Amino acid sequence: MALLEVRDLSVTYSPRDADTVRAVDGVSFEVHDGEFVGLLGESGCGKSTLGNAVLRLLDKPAAITGGTITFDGKDITSTSEDDLRSLRWVDLSTVFQSSMNSLNPVITIRSQFADTFEAHDNDVDVDDRAGELLEMVSLDRSVLGRFPHELSGGMKQRVALALALALEPRFVLLDEPTTGLDVVVQRDILDRLRVLQARLGFAVLFISHDLGTVMELADRVMVMYAGELVEDQPAAEMVTRHLHPYSAGLLGSYADPRDEIVEVEFIPGRPPDLSQSHAGCLFQPRCPVAVDRCRTVHPDLLPAGRGQVRCLLVEESVGDRAVLDKAAALRHRDQVFAAGPSALADADPVLVVEGISKIYRTRRGLTTTVTTAVDDVSFALRPGQVTALVGQSGSGKTTIARMLTGVERPTAGSIRFKDAPVDHLRRRALRKYRRHVQLVFQDPFSALNPTRTVAYALSRPLRNHLGLSGAEARARAGELLETVGLSPAAQYLDKLPHQLSGGQRQRVVIARALAPEPEVVIADEPISMLDVSIRAEIIALLDALVRDRGIAMLYITHDLLSARLLADEVMVLNEGVMVERGPTLQVIGEAKDPYTRKLLAAIPRPGASGTPVVARGDTEMGAESA
Amino acid sequence: MLYFLRRTGFFVATLWAAVTLNFLIPRLQPGDPAQALLARLQGNTQAVNPAQLAAIRKMLGTHDGNLLSQYWDYLGAVVHGQFGVSYSYYPYSVTAMIATALPWTLILVGVTQIASFAIGTLLGAWAAYRRNSRVDSVITLGSTFVGTLPFFWIGLLLIFVFAITLNWFPDGGGYGGGSSPSWTWLFFSDAFQHSVLPALALLITGPVGWIIGMRNNMVQTLGEDYARLARAKGLPRRRIALTYGARIAILPNVTGFAIALGGLLGGTVLVETIFNYPGLGRLLLEAVSNKDYPLMQALFLFTTIGVLIANFLADVTYGFLDPRVRRAEAT
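So the protein sequences, as listed, match chains A and B.
All the letters of the first sequence, read from the start, carry residue numbers 1 to 626 under the working numbering.
All the letters of the second sequence, read from the start, carry residue numbers 1 to 331 under the working numbering.
To be clear, the hints were calculated from the coordinates, so they are not data collected in a lab.
Being a predicted model, the structure only gives us computed values, none of them experimental.
Even glycine gets a Cβ: it sits at the ideal position worked out from N, Cα and C.
Hints may contain errors.
To be verified - Computed Cβ-Cβ distance ranges for the label pairs, DEER-style:
1) A:T65 x B:P252: 36 to 42 Å
2) B:A77 x A:R361: 42 to 48 Å
3) A:R129 x B:P150: 54 to 60 Å
4) B:R239 x A:S446: 30 to 36 Å
5) A:L496 x B:P150: 34 to 40 Å
6) B:W16 x A:D494: 45 to 51 Å
7) B:R7 x A:R361: 21 to 27 Å
8) B:A77 x A:R409: 35 to 41 Å
9) A:R435 x B:L242: 53 to 59 Å
10) B:R134 x A:S86: 28 to 34 Å
Take the sequences, apply the hints, and build the full model.
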């Protein structure tokens, strides 16, 4: 008998002022003792809802509307909150996504351990046991006396992990436990998690949108799309024999940046609106290999290969991949974005940065703290080329961006835009300069004024910088939307940001940056908040814009894969110092600096050999590696 | 420590600015107190003899010097706690007038303010704890409804029902006509009788803001990940509500409360006027209508100092309650 059995589980959101949405629809799966199961899906696919349902943490307006959840033989689908308490944390514990917010800000870490022990009448010495748990996740015991705001994001998430293991649970649900953390920190925590899981033998349901991580960690991977499970396969199998076209698309968005030719795919379109009912396969509108029958027949999750798949094509070919392979070959070229080696052309640089440094002095009373955010950095941006600035958070990337836009002035060194000294510009000259240097922000959700339409957002720079009239600006805004692939533009002009998907919003942000016809675009992590399946799409757009319009782009990122795809030149920044710089392929292929290597090592490689494989419980899948 | 010094420095600077403004503002108003007093003494406005005017000025102790020397004298007097003689209650000193009125306000309004805060916070927390239940609807809708009623209307309604129609309580004043302030049981029970209606009026409207504020804050904190995690940890509901909800939600309310206490005097004018209550609010009203500069100035100064002290206390308590602020303090 499995430890956790979910049968036909459905969860429905019934908000008062909107249509009901079936966020989870007839999901069935099992998790065995000691098994590590990954649950993969894009944002909005229902994976977190499913996780919350399993933990019985759903709040109104969400409710379980069908099916059962059985834990260790006990049906917990409708157990009362009071009865659940004895089960919570002792058997089922969890680590939430946002490390910023999962700890109580006004009590110490010690108190948060203490109340857990107390609630379950666990008569242990809190300092002793909690200290031991903290050491288990490589934290010092002194952390016990601290408050959450005194810890970094990574430390908080370690505390959350230690807390989850406090009562030695048999099942831990991890809901995007490392999203939002630095790659290197992320890597560290996940490695630690894997070791602990092998040692303590708890079962894990690992929810993530990050395919690479899931594939690398899990024994078995379940793929969720639009509230349904579409594939359930052993992880090792998944890499080589993924059966569902959606899984194929997700896998296609990953590649090793060190390869000679790097190719990524993307899945055009958006997930269906789950407040409507749909006939046929839910993935069909986005599916590159769909046939007519997909439109009318809704496939079931049926055994295929060594797992299960929900796809008519697989069903018909009974595990034979010939059909899928043939269809895959027909895939449109525009769904693939490839970057080969590119030579650095010697165009005249438009923006030259020479030996800039930025030193912050913070005065608190009599002591002055000097922080060197950027230390003697030089580079040049050339038209039609992308220069990537890679580094983890706190490495000074954003400070450089701020100096380039003239928001801050360098403490030393100079920045020249053509002939203008950027670091000496003031008022009108600075305003004129800003027309030529535009920004694309990281978070498309907060980069647009939520109360203003797309047309307004785009017309502001047009009117301010180019002096267009209202009607002209609107016409131009339409053209810009077409340029960034939002067509027909008329359909988008009068929409408010919340009516657009994340990818569409980012396109609007890019269109806004293009509006004043800039010569330099600074893109600060433009894809890190987007779903995997549309990242490549935005990269392709940025690439096309740079090449077609001869824009010089500074691409700021911590993600070496996207840097590899987009950039001609890569600069690696570590604690304000540029540690490596050169043509992309050279820097990534033959990284010399230890820090660059560390960044490379932190990239998850699904199914790559060399991943330590740990035997887990009674599953045999763990023993295999691709 | 440094934080404390900086706050104190800021406190002193604001105090000086307040004292100065307090000196200037009444003098910028049109009208001459001596003339007003004379007019009132005479009962009608006959032509005023300049000599009479000068005599009255002398009697009231108004200065002849220019603004600067007046200001200098004023500062010296403030430092020594001398606010001069009241124009309207001549020959009582301003300090004596305030000393008589202060206890009335302090007890009536102070007690009801604290009670309002306690009641409001508790009701708000209860509503948030049982959100979307009937309790929540009753508390939220009820307080919103009461919040829309004008205070004076509630006061007059109370007087009409309980004092005039039912005759349970007196319709105004601080104590009965027959008694005078003394440390006797009789006087206290009489004063209590008189304070019931104004206190009730204050207690009906007082908690509304705290209820809404507390409920909304707490609904929000209970929706945060840490509260959800507390539930996943299997903590008892009450513990979650207190430590993971109320404990965090109360923070902005505490600041609000300290500031409200400081601004207490302004709020008392209305209630003391309606109930003819012998406190600072009524004193202020009379001072303003009689152009009683010394009294006005002293009262304004009192208010300002009250607000400043309250802000200061709010900063300190907030640091005490919220470790996130405490750290900024320590460094």
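Practice prompt. Go ahead and decide if the range 54 to 60 Å is satisfied by the Cβ distance of R129 (chain A) to P150 (chain B).
Written response: At roughly 59 Å between Cβ atoms, P150 (chain B) and R129 (chain A) fall inside 54 to 60 Å, so the hint holds.
Worksheet entry | Pairwise beta carbon distance, R134 (chain B) to S86 (chain A), judged against the given window 28 to 34 Å | 29 Å, holds
Worksheet entry | Outcome for the supplied range 53 to 59 Å, where the beta carbon pair is R435 (chain A) and L242 (chain B) | For L242 (chain B) against R435 (chain A), whose Cβ atoms are near 55 Å apart, the range 53 to 59 Å holds.
Practice prompt. Given the range 21 to 27 Å, decide if the beta-carbon distance of R7 (chain B) to R361 (chain A) lies inside it.
Written response: 23 Å, holds
Discussion item. I want to verify a distance hint. Is the separation of the beta carbons of W16 (chain B) and D494 (chain A) within 45 to 51 Å?
Written reply: Since W16 (chain B) and D494 (chain A) have Cβ atoms about 55 Å apart, the given range 45 to 51 Å is violated.
Discussion item. Against the range 36 to 42 Å, how does the distance between the Cβ atoms of T65 (chain A) and P252 (chain B) compare: consistent or not?
Written reply: Given a distance of about 38 Å, which is inside 36 to 42 Å, the answer is holds.
Discussion item. Taking the Cβ atom of L496 (chain A) and the Cβ atom of P150 (chain B), is their distance within the range 34 to 40 Å?
Written reply: 38 Å, holds
Discussion item. Tell me if the beta carbons of R239 (chain B) and S446 (chain A) are separated by a distance inside 30 to 36 Å.
Written reply: 34 Å, holds
Worksheet item: Could one say that the CB atoms of A77 (chain B) and R409 (chain A) fall in the range 35 to 41 Å?
Response: 52 Å, violated
Worksheet item: Within 42 to 48 Å or not, the Cβ separation of A77 (chain B) and R361 (chain A)?
Response: 45 Å, holds
Comparing the model with each numbered hint stated earlier shows that hints 6 and 8 do not hold.
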